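Working from the sequences, and respecting the hints, build out all of it.
Residue numbers (the working numbering), protein chains in the order written: chain A, 6 to 467; chain B, 6 to 467.
Honestly, I wouldn't trust all of these hints.
As the list makes no split between identical chains, a pair holds if one copy fits it or if it spans any two.
As the list claims (entries may be wrong) - Once the Cα atoms are required to be at most 30 Å apart in a straight line, the calculated DSSO-like pairs of lysine-lysine come out as:
1. Lys76 / Lys343
2. Lys158 / Lys239
3. Lys298 / Lys212
4. Lys357 / Lys343
5. Lys209 / Lys158
6. Lys278 / Lys424
Simulated from the structure, these hints should not be mistaken for lab results. Computed from a prediction, not measured in an experiment: that's the story for all the values here.
Letter by letter, the chains look like this.
2 protein chains.
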Amino acid sequence: MKKPLLFSAFVMNTASHILHGLWRDEEGHQKDFNDVNLWVSLAQRLEEGGFDIMFFADVVGLYGDYRGDWKFHVESGLQIPSNDPLVLLSALAVNTKRIGLAFTAAPLQEPPFNFARRVSTLDHISNGRIGWNIVTSALENAFHNFGHEGLTKHDERYEWAEEYVDVLYKLWEGSWDEGALVQSRETGVHADPNKVHKINHVGKRYKVEGPHLVSPSPQRTPVLFQAGSSTAGKSFSSRNAEAVFIIAPTPDIARTVIEETRALAVQNGRDAKDIRFYQGLHFVVGKTVEEAKRKAAELDEKIDYHMMIAHSAGGLGIDFGHADLDTPIEDIETEGTKSILEWLKQSITGRKPVVGDFAELRSRSARIVGTPEMIADQLELWREAGVDGINVINATLPGSYDEFIDDILPILRERGLAKELEAVDGTLRSTLFGTDQLNERHPAAKYRGAFAETKVEQHFSG
Amino acid sequence: MKKPLLFSAFVMNTASHILHGLWRDEEGHQKDFNDVNLWVSLAQRLEEGGFDIMFFADVVGLYGDYRGDWKFHVESGLQIPSNDPLVLLSALAVNTKRIGLAFTAAPLQEPPFNFARRVSTLDHISNGRIGWNIVTSALENAFHNFGHEGLTKHDERYEWAEEYVDVLYKLWEGSWDEGALVQSRETGVHADPNKVHKINHVGKRYKVEGPHLVSPSPQRTPVLFQAGSSTAGKSFSSRNAEAVFIIAPTPDIARTVIEETRALAVQNGRDAKDIRFYQGLHFVVGKTVEEAKRKAAELDEKIDYHMMIAHSAGGLGIDFGHADLDTPIEDIETEGTKSILEWLKQSITGRKPVVGDFAELRSRSARIVGTPEMIADQLELWREAGVDGINVINATLPGSYDEFIDDILPILRERGLAKELEAVDGTLRSTLFGTDQLNERHPAAKYRGAFAETKVEQHFSG
Chain A
6 MKKPLLFSAF VMNTASHILH GLWRDEEGHQ KDFNDVNLWV SLAQRLEEGG FDIMFFADVV
66 GLYGDYRGDW KFHVESGLQI PSNDPLVLLS ALAVNTKRIG LAFTAAPLQE PPFNFARRVS
126 TLDHISNGRI GWNIVTSALE NAFHNFGHEG LTKHDERYEW AEEYVDVLYK LWEGSWDEGA
186 LVQSRETGVH ADPNKVHKIN HVGKRYKVEG PHLVSPSPQR TPVLFQAGSS TAGKSFSSRN
246 AEAVFIIAPT PDIARTVIEE TRALAVQNGR DAKDIRFYQG LHFVVGKTVE EAKRKAAELD
306 EKIDYHMMIA HSAGGLGIDF GHADLDTPIE DIETEGTKSI LEWLKQSITG RKPVVGDFAE
366 LRSRSARIVG TPEMIADQLE LWREAGVDGI NVINATLPGS YDEFIDDILP ILRERGLAKE
426 LEAVDGTLRS TLFGTDQLNE RHPAAKYRGA FAETKVEQHF SG
Chain B
6 MKKPLLFSAF VMNTASHILH GLWRDEEGHQ KDFNDVNLWV SLAQRLEEGG FDIMFFADVV
66 GLYGDYRGDW KFHVESGLQI PSNDPLVLLS ALAVNTKRIG LAFTAAPLQE PPFNFARRVS
126 TLDHISNGRI GWNIVTSALE NAFHNFGHEG LTKHDERYEW AEEYVDVLYK LWEGSWDEGA
186 LVQSRETGVH ADPNKVHKIN HVGKRYKVEG PHLVSPSPQR TPVLFQAGSS TAGKSFSSRN
246 AEAVFIIAPT PDIARTVIEE TRALAVQNGR DAKDIRFYQG LHFVVGKTVE EAKRKAAELD
306 EKIDYHMMIA HSAGGLGIDF GHADLDTPIE DIETEGTKSI LEWLKQSITG RKPVVGDFAE
366 LRSRSARIVG TPEMIADQLE LWREAGVDGI NVINATLPGS YDEFIDDILP ILRERGLAKE
426 LEAVDGTLRS TLFGTDQLNE RHPAAKYRGA FAETKVEQHF SG
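Pasting the structure below:
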């Protein structure tokens, strides 16, 4: 039998994440995102329902302007306000037992020493259920929130991320040897000083002495997620990621991305199967095709196309705000629309793509509409393409996940596309790979024992 | 009737916080600090028992060397390993309803934009029960963990802290006006863009554009704690703190510190009563004096004097590790022992103070030994001196707090020294001051509405 898919719920601690404008829907509760109870009950529901991961996206700044400024973002609720996901995970961890808890953070946000300590603390609190999605923020406002004059260049952001994770690996894998924490009441030895080491990292951006202040957590390094699809992004993933989020338009395109990244991983001394791939999809399910199509049409009515455009184009620094929805994109004199046009021309032929097409295709690109059986058929194709899991996008909270759990997962179980419901406690890494800690092929593993020779007396010098 | 005292539990997410070596005690559970259940059950016990605050100390580096290096610290468990308190508070918040949750953090650790967002997120999660103890780390290793060549000078650290809180005040108080969050399903207005503002902070160390990403939490600014006793520290407190932790050797000395700081507060345009003072004390209680004295003697047996010295002197950068306990401190050729000698000479006359005196006095300096009635008598004196609350130091977890709740608090209630047990929900600031938000005399208040004139179009420029 083929391997069942893994399931992640793709959420954000804000009112409007991907399918925009749905916070206005009477059936949705995402506008209550400031209330921790929304998230606690959703986490519990996902866990009981058989999801493996609850995954929080995040940004630390505004998207690029729309209609010349950011007024629209605030008025419509386009990922502002938003709350910090790392802090929330601790509350979710103590109210769940098994579900993996993943969050997004960028090197920009916090010095690696502090980040390492907070993540290790979370990994202790959750008994090893933490995943970290490594991003390099691409929003200019985010850089302005952290003292930078402007956006750091794309490839340089990845270099920065490489040094950042390098420091983290040293702290998580190299600073405390196995068996260092003794806690013997009899002898009074709390930890073995010969097994705890400073890391003395000196690099381009960071100098970090150590030792790590937290004793090894169940996973040490959290499960490492990544979502970059650029050349630099794939290169980074192939070295560092254990799971990659993609939103490919078709299974065939997914297959290409997956095979490319796996091949790069092998070049980097890892196994092809050392990386799991999650495809982002959202589902409109009905008892009949007609019902599903009707629900999809209703959903389309509710989606705010201007928010879709402000989010997608604003993320690329393009302001489509002054154009009507029927303006041909070619006619807009804006830098950087080339990639958008290319993407649209995959679907639209025989006429010039207009701004409204962009919004419409963005909102439908990762959508599967149909009966549970039809959805299962589609998921077979994604699994055939090499996808290991599905990152389930929501239209409403908790409604989209209730439907997925109640209407879709039972059929997926019958078809071997989803695991049987069973209460297996364990770390997030054990869910994905069957082991608690990073394998020896991962670059972090080289720091195990690497600082053992460093004498405890050795001091840091500039 | 006089005002009842407030009660805070003074803890740290580590095995050995103040009274060192007690993690070895069979009755103590603090060596289980990596297990979140220890903290959840303690928080619930404290809340039920009538404590107002659970307060987490923290450091982000090693204390200064002992016997030439930091081997001793690791071996004895001297605040290493330790976990991050901010992350833990979220887990405690969702398992409690009323108790205030305070933690320690230094500007060194995290850029203010990220810190502001995390604290606001926590304040939402806890329904306004967060307090922040502002420290300027004094440990060289901490600075080395964050890329600095060495310790930033004392007064400069306070200048740094002033700019740090200034950025935070702008984000917490000035970025979102009252009533900005609308969330109208009918009109589709999520927030009023005319009530959300960038802060455009440009200062010596920080440049922060904004807007704050989190909508106003119940308290906006968390309750601000401080513990500095230096001139710069008192000056900082008098401007910024709402509560000050002191560990004065006698009520009279407490009175002096309190009056000085209150007078400075008035000079800074605040009211004398805008600051609450918490005296740190630990209690050894017995049904009879004899029992209490016997328990105190037993406690003395269990305290690790070398850890007491390594902590106290190491915090000042002094290594007493090679001296025997009976070595006169005057005979040790070390810089910086002057303040220690002065402190010891307040208690020791007629002979030269030795290293062991230092350890002994440190471990007993804030201790009250006696029957509940005798303890109540002592607390009357502290209250008379102007103390508003007691920060209760523990010998064992949860034992010390169980004793305080079961044996001491009932007598304090009878004597009007503690509030009656009543389940009153509300923010931490309402517990201390009867209001949810900072009063208009606090320096943060000047940022309310201060950025309203900033046009939304205005962009940040270097």
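Against the structure, the hints:
{"no.": "1", "hint": "Lys76 / Lys343", "verdict": "within (26 Å within a copy, 60 Å between copies)"}
{"no.": "2", "hint": "Lys158 / Lys239", "verdict": "within (16 Å within a copy, 44 Å between copies)"}
{"no.": "3", "hint": "Lys298 / Lys212", "verdict": "neither (57 Å within a copy, 50 Å between copies)"}
{"no.": "4", "hint": "Lys357 / Lys343", "verdict": "within (13 Å within a copy, 82 Å between copies)"}
{"no.": "5", "hint": "Lys209 / Lys158", "verdict": "both (16 Å within a copy, 25 Å between copies)"}
{"no.": "6", "hint": "Lys278 / Lys424", "verdict": "within (19 Å within a copy, 61 Å between copies)"}
In summary, the structure is inconsistent with hint 3 from the numbered list given earlier, while agreeing with all the others.
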